[in-house]
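Chemist: Model the placement of chain B on the given structure of chain A, informed by the hints.
Below are the chains, spelled out letter by letter.
Number of protein chains: 2
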Amino acid sequence: MKYPNNIKKEYKKEINYKNRGMELEYLINEACLYYIENGLAIIYKKPTPIGIVDVDYKNGAVIHKAYFKEPSTLDYNGIYRGKYIEFDAKECKSKTSFPLSNIHPHQIKHIERVIKHGGIAFLIISMNGLYYLFKGEDLLAFEKNNTRKSIPYDVIKKLGYLINYNYNIGIDYLKGIDQAYKGVGYVEKNKE
Amino acid sequence: MKYPNNIKKEYKKEINYKNRGMELEYLINEACLYYIENGLAIIYKKPTPIGIVDVDYKNGAVIHKAYFKEPSTLDYNGIYRGKYIEFDAKECKSKTSFPLSNIHPHQIKHIERVIKHGGIAFLIISMNGLYYLFKGEDLLAFEKNNTRKSIPYDVIKKLGYLINYNYNIGIDYLKGIDQAYKGVGYVEKNKE
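Line order of the protein sequences matches chains A and B. Whatever position you read off the first sequence (first residue = 1), add 113 for our numbering. Whatever position you read off the second sequence (first residue = 1), add 113 for our numbering.
Keep in mind that a hint or two might mislead.
Put simply, identical chains are the same to the list, so a pair is met inside one copy or across any two.
Unchecked claim - Taking lysine-lysine and the BS3-like style, the derived pairs with C-alpha atoms no more than 25 Å apart in a straight line are:
no.	residue 1	residue 2
1	K222	K158
2	K203	K229
3	K159	K182
4	K229	K295
5	K158	K182
6	K229	K158
These are computed hints drawn from the structure, not numbers from a lab.
Pulled out of the complex, with its shape left as it was, chain A reads as follows (with noise of 0.2 Å):
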């Protein structure tokens, strides 16, 4: 995301306070960038929620203390070709299989409640040096018929979506919607 205008300058060392899944988001960050350019889809990152405790105004708004929040949603959301999309990065570490403990149950809630209103919910899971889209109603069926607290990789191979790594893009996400949902179709002329 770009934020061009009105960036006080001394701040630019902005540190990275969430290592986990950095790189992930860093190259899903990238698509984004790359697809807002080239007039294929609009989809942001959303900030992450910040309770605000207490600022100083009189030496231009900086806040003094804050606290990270719980998102009840997921982390990406925006529009391609007229739909309504939304997705969380996950980085997953383990080569076996992938803990829900990773999904917070409001936003399994939320997840069910896109997919109803006729959006697209999915998740980026970067497991095993691949990336995979997987899809919410594959995430919600899994949670439903099973007892088991993770899913196996196994389980991820058979029902996600390869998405490559472009170079030139970053992780070339809307490929793996084109291939996970029908009749949204990735049309390369549609540009800005």
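Modeler: Same frame as chain A, now just chain B:
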């Protein structure tokens, strides 16, 4: 928005750092919550973008230095009957005209993109004690065809759609969407 889990209780007294527009925002947030709870739409206010400079991880990840970023998109987004929705809430103190300085150039560009991709983008303008839905299309057309730096109230009255305040809901903007955009119907039955 509700963040039911993992919220640190001691930070309960979160401050209102942005007084302007707070009442309008409150009434829109109430409506968002009503719509979610009644299965009518899933629309959230995005978190305020914040740049984090310093975090104390030893005492439960307390942010000690941060600053407000300029948003490049609109404040609210989500899905309503399969349609991508994005809007901003603007409280206008002037009784005669709405200053376009309220909307940043990158937000104008963003509105243009959302519409181009088949989404619905608009402003909710609170002015002279009333709430108007002002379509993104009308905003873009006004900007292109006028050199004025504000939209006269007469134009807002003529092109905007009055949104009612309902004390059970808040600012009932879905009804405004139904009026302003064809083919997007408000279906009371569609409850969860």
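Chemist: All hints, please: hold or fail.
Modeler: To see whether the hints hold, each was checked on the structure:
Taking identical chains as interchangeable, the C-alpha atoms of K222 and K158 lie at most 25 Å apart whether they share a chain (20 Å) or sit on different chains (18 Å). With identical chains, the CA atoms of K203 and K229 are at most 25 Å apart within one copy only, with a shortest distance of 23 Å there and 30 Å across copies. For the homomeric pair K159 and K182, the shortest alpha-carbon distances inside one copy (13 Å) and between copies (13 Å) are both at most 25 Å. Taking the closest pair of Cα atoms, K229 and K295 come within 25 Å of each other both inside a single copy (16 Å) and across two copies (21 Å).
Proximity of K158 and K182 under a CA criterion of 25 Å is satisfied in both settings, with 16 Å inside one chain copy and 14 Å between copies. Taking the shortest alpha-carbon separations for K229 and K158, both the intra-copy value of 22 Å and the inter-copy value of 20 Å come in at or below 25 Å.
Figure legend: structure checked against the earlier numbered hints; every hint is met.
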